[in-house]
Structure formats: structure tokens, C-alpha cells
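Please model the entire structure based on the sequences and the hints provided.
Which chain is which? The protein sequence lines are A and B, in order.
Straight run, no breaks: the first sequence in the numbering used here ends on number 347.
Straight run, no breaks: the second sequence in the numbering used here ends on number 1161.
With a straight-line cut-off of 16 Å between C-alpha atoms, the simulated EDC-like cross-links for lysine to aspartate or glutamate are: (1) A:K172 - B:E1153; (2) A:K292 - A:E256; (3) A:K247 - A:E316; (4) B:K1081 - B:E905; (5) B:K886 - B:E1100; (6) A:K266 - A:D299; (7) A:K13 - B:D868; (8) A:K311 - A:E246; (9) A:K120 - A:D144; (10) A:K239 - A:E323; (11) B:K1152 - A:D178; (12) A:K313 - A:D333; (13) A:K172 - A:D36; (14) A:K12 - B:D868; (15) B:K1152 - A:E197.
Hints listed in this document are in silico derivations from the structure and should not be mistaken for laboratory results.
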Amino acid sequence: MNRFIKKAVLFFAPLTLLFASITVCYFILDPFRVLYTYDFNNERPIAQLNGDFVSTEMFLKMNPKYHYNSFIFGSSRTLAYLPDHWKDYLSNNYSIFRFNAPGENIYGIYTKIKYLDNNNIPIKNALIILCRNCSFSDKNYTGHLLRKHPLTSQENRLFFQLEFFKVFFNRDFLMCYFDMLINKQYKSYMENYLNDSRFEVGCPDDNSTNTMLLTGREKMIMDNPKKYYADLKFPQRTGEKNDSVSRINEKQKMMLYEIKKILDKHNTEYRVVISPLYEQIKLNPKDKKILDDCFGENMYDFSGKNKFSEDRINFYEWSHYRPLVGDSIMSEIYRPNIDSL
Amino acid sequence: MNIKLLHLVLPVGISFYTFHTLSYTIDVYRRKFEPTKDITSFFLFVSIFPLAMAGPIERATNLLPQIYKRRTFDYAQATDGMRQILWGLFKKVVIADNCATIANPIFEGFENASAGTLLLGAIFFSFQIYGDFSGYSDMAIGIGKLLGFRFLNNFHFPYFSRDIAEFWRRWHISLNTWFRDYLYIPLGGSHGTKWLVVRNTFIIFLVSGFWHGANWTFIAWGAYHAILFLPLILFGKNRKYTNTAAEGKYLPSLKEFCQIGITFFLVMIGWIFFRAENITNAFLFLKGLIHWRIFSAFYRVLMYKEFWFVVVMLIVEWLQRSKYHGLETFLLRCKPIIRYVFYYLIILTILWFFSNNKEQQFIYFQF
Chain A
7 MNRFIKKAVL FFAPLTLLFA SITVCYFILD PFRVLYTYDF NNERPIAQLN
57 GDFVSTEMFL KMNPKYHYNS FIFGSSRTLA YLPDHWKDYL SNNYSIFRFN
107 APGENIYGIY TKIKYLDNNN IPIKNALIIL CRNCSFSDKN YTGHLLRKHP
157 LTSQENRLFF QLEFFKVFFN RDFLMCYFDM LINKQYKSYM ENYLNDSRFE
207 VGCPDDNSTN TMLLTGREKM IMDNPKKYYA DLKFPQRTGE KNDSVSRINE
257 KQKMMLYEIK KILDKHNTEY RVVISPLYEQ IKLNPKDKKI LDDCFGENMY
307 DFSGKNKFSE DRINFYEWSH YRPLVGDSIM SEIYRPNIDS L
Chain B
795 MNIKLLHLVL PVGISFYTFH TLSYTIDVYR RKFEPTKDIT SFFLFVSIFP
845 LAMAGPIERA TNLLPQIYKR RTFDYAQATD GMRQILWGLF KKVVIADNCA
895 TIANPIFEGF ENASAGTLLL GAIFFSFQIY GDFSGYSDMA IGIGKLLGFR
945 FLNNFHFPYF SRDIAEFWRR WHISLNTWFR DYLYIPLGGS HGTKWLVVRN
995 TFIIFLVSGF WHGANWTFIA WGAYHAILFL PLILFGKNRK YTNTAAEGKY
1045 LPSLKEFCQI GITFFLVMIG WIFFRAENIT NAFLFLKGLI HWRIFSAFYR
1095 VLMYKEFWFV VVMLIVEWLQ RSKYHGLETF LLRCKPIIRY VFYYLIILTI
1145 LWFFSNNKEQ QFIYFQF
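See below:
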């Protein structure tokens, strides 16, 4: 047996060396920024980071200094709701944090609010942004990109870290990553694996509120909107008026009522907004009823065809609307105008 | 009970360890085997881990004596086991998983596919199922060898069969011999009247089909093979080819080549039933094959890198067709460096495909 073991060790030595080298690279480079603490404000990572992880880490880092009590929850579409503009609708003694995550769902919002409540963090104000096409799910995501921070999801930290470690060994990702690292040149074959350095990479521009400002995009639109939108592809609207599928199941309903319970406990001044999306598909009536029953007059549905979802100039691209839309929505929900829609 | 629910409720491997325990019970009843008094050995026999997922289906008469015996490390057996594991991994990761990426979309969208495309789907599925099943068996048997066990052989290069009877002596051997010993022979086997033989043959193939899954397509697949097998057994030609094709020669004769080709084609048609979602789809798929454009598959297949991996596999297995598995003695007479380079090529090919999970998403949104 000793001879067999010796031969096996020698035979697999090159492979072991390769595996060990990649592992060492992972721990040194930390491509997904999950191993160590970072100032995400100054990060321009090659690989796209887990947005939920970034948000939560930012919160943990900044909360001792800023003592947040006002939160914006939702997906990346919360970038349209600038904390600097939201503050105009809040009473004094606010400290705002955009506690978002890419593709945020009800599960993510629920676990975040629960985390805040369990840790005695006051929730004085809350703005919850839900989207017809991504919010209505009651599970944590699989994969490394959208998975929730283990602090809020209560997932085993080791399993969370292993997911990133495993993903690093993806052959195509490794090739793209090291090519970019060495040559510092973005190539078209990398588009499914790495951030395109020409575009904003999704790290916050303002650490204190976790705000992402697409100033580059805003400037391009203001300078030459015709050219900007000429280069963009917007999908064909399907003509579907109402979402034919009811998406809120019993578990999500439970989570929504738990969210309300916690917000009521904190005497939170809150609003729940259904995003106006370019697709112009209205929220399913059953889902709307559930949300209305739960949140009452604090629920505002901007889904479907309306002045916000009609014009392309309200959008950066087919998925994300601009802060000018967020500003208009906030002025309506905080100072309602009956004739607005 | 909803048949679909059965798929959720049934634990993994139930069909394998059920047959293990059945074989033990029947052999004890027939006094072919002494009942064991060692419960640990019995549970080990029933649930030994390499066999849990996909067999081979072991017999108490083969495995329990090995469990009782004190095993000592056998260098030759262990290295052979490593080679068999490697070959099994190659068939599973490189052959089966890659053929699946071609076959699956074709079977899912068969209504709009041309005859040539449908034929490609059928060919690649034939190698997918072989790579998958025999790959798992090779890995299980190889692990067994590392642990000092000699499990039953399960696949013996079935696509080099010259007729259907030979195919069934080489495909899923452990299951087919199980059915032969515990169902076919007790029913009377090949003895008795011709009608009895027809009945017994159909029972075996239909039960075998049903064993694979609770869907009429598997029954149809079994019935199809029964129809192909029947003439051979009725005319006593079912044991015509018991040796290896082109024995002692490098290449088959033209006759053997045609026999192998026709047998593969007949088996491939059967796989269409096996893979289809339902009987209607299977017949529609077959109907779609009947078109002169079917011949376009023969040159289109050359454009798939997966095809060339299949060719490599077939060459290696052809050269080893008289052996136990594809790498048993392959290059053993060459210098170690040549052998190790070949093994490393296989390992790197496996890693190349294994480490490329196309379902992993790396970019959520690129602004």
C-alpha cells in the first residue's frame, strides 16, 4: 500500500500543485471581495461582486458611525431613489442607508428588516421598492452572485464562502480573470464573466448612504439623448396588460405581514412602491389585493402603462429607471396629487 | 397515488438495493447460499456505497464471501481500479454530459427539427446514455477495486455487438442476468413450447422496461427489444456471437462492421422511446426521421467536437474490447511516461469540461 500511495501522490502532484496555486491565488486576490474587509467606495473590482454582500458589509461598517434609522429596501432599481432627495420628505433626525441587493426579493427584504429588528436598530423611515418581475420570491438565491449575506439569511458562513471558492474554479472565468489581471485590457469574450470597465461597476459612490450614482450615464443622456438611446436596445413590449400569474404565495404573504408587524412595532413611517417598468405589465390583481390588504394606504402601485413607464428617456436602459422618475414618485407618495396618473 | 409523486417519494437507489436484498432472499430460499448471521456484513452487502446510485446489481453469492474474507491490499487491483475510475469519469463528464447538451435540445424541440437533426439527436443520446450508465458503473467498480472488492461487470462494450442477443449480454449485464436468474428461468426460460418462450421473453423485456421508470415509453422500449430478440431465440440464434468481434484481429470484417452498424441502429431506435416524454412524441420523432434529409446527419456530425471525443472513446474501447474495461491494459506495454501523459490528457480533458459550468452566472447586470 505504501508503494501505491507514494505513486499516487507523485502522479497527482502536478494537479495538486495546480489546484493549490489557484487556491492561493483565490485567497490572495479575493476576486469577489468576500474574504476580507474593504472600502467599497474605492473598489473597482474586475469580477462583479455580490451586491447583497456589499450592501450588508457597508451597513455593518458604517452603522456605528452614522446610526442609520431610515432605509431604502429593494433591488438595484432603488438607485432611482436618491437618499439626498428622499430626506426632503423625512422628519428630522434621519440617517439614511440604501439597503438594497440586485434582484432583491421579498425574502431578502424580510430577512434584512428582521435583522434590524433583532439587533435593536431603529427603523424610523422605510421605502420599500418592489418590482413585478423580480421581487416575488420567498427563497434565498443559489449561486454566488445574488445569494444573501449569511448575517441576514442565517446561512452557514462556510457554505457561503465555499460557493465563491467553487465558482472561482470555473474554467472560463479563470481565463478571463487572469487575462484581465495581467493585460489590464477588457476584451469582448469576457462580457459574460467580468465587469466592463467602461461602465459603472455597481460599487457605491457614497459610502455613507450606499448610494450608486450613474453620473457618467446621466451626462451621456443630458449631452445627447438621441445618440444615447439610439445605441440602446429596448425589448418589444408584449402587449400584455395584466400579469396573468399571481406571484405571491402563502409564504411570501407571511413574510409581508411580518414586515408590516415589525414596521408597526417601530412606528415606522413607510411607503411600499411597485416599480414602473418599461414592460408596462400591471401587477396581477390578486397580488395587488394582498399588498393592499397588508400595507393599506402605504401601498403605491406604479406598474403597468403610465407616464413613468411610457417614455424611454425615463430609463437608463430597459430595466432601470432614472432618479427623475424616483423623484416624481416620491413627490406623489409623500405629497399625493389625485390627478397625477 | 400520483405516479409523478412517486419520483419524489422514492429514495435514491431503491431499485438497486431492493434487488440486492431480493437476490439474497431467493438464493437463501433456493439453498444456493447460507443465510448470514453477521448483520453488519449483510447491511454492507445491501448498501455498499459505490453501488447505491447506479449499480451494478450485486449478488450475495459474489459479494458476501468477499465481505467475510479479510482483504489485503492488492497493488495491481488498486491501480487497475484507478484506471477504471478514470475511464468512467471520462465517459461521464466528457462523453455523456457533452452529448446531453446536443441531444436534450433536439428531443425537447423535435417538432421543428429536420430528419438529419433528429438522427443526430438519437445518435448523441445513444452515446449519452452509454457514457452515463457505463461511466457510473466503471467508477463504482473501480472504487470497489480500491476497497478490495471485485464487483460484477456491468457493461462490456455493448455497441460492438453483432446482434441484439449479444447486445443484451453486454448491456447492463447485472440487471439482465438478475432477471434471467430470478424471473426468466423460474418462468420456464427457453424450455417448453414456443409460446411459452415468447411469453417469457416478453415478460422479461416488459418488466425490464418498467424497472427503468413508470412511463409507457419504457414499456414500449422493452416491447421493442422483445420483438427484436424474439426471432433469435425462437430460431436458436441467440447465442451465435459469444466471442468478441474481430477476435485476434485489429479491424472487423465488412460483414462484422455491417452487423455492428445495424445492431447499433436498431438499439438507437429503441433509445428514442426511452428518451421521449411520451409514446406520441416517440412516434412523431420516428416519423420525423423518415425523410431523405436524414443523410445530412452523416456529415454534420463531423462538425461536433463531442463526436470526436466519442470517436476517441470508441477507438480505445475497440482496442480493449476483449478486456474488462477501456483502460485495463491500454498502453500498459508502453513506457510509463507515455501512459502517464495519456492519463493526464484524460484528466485535463475531464477537468476542462467539469470546470465549465455554463449555468453559473457571473454578471447580474452590466450598466
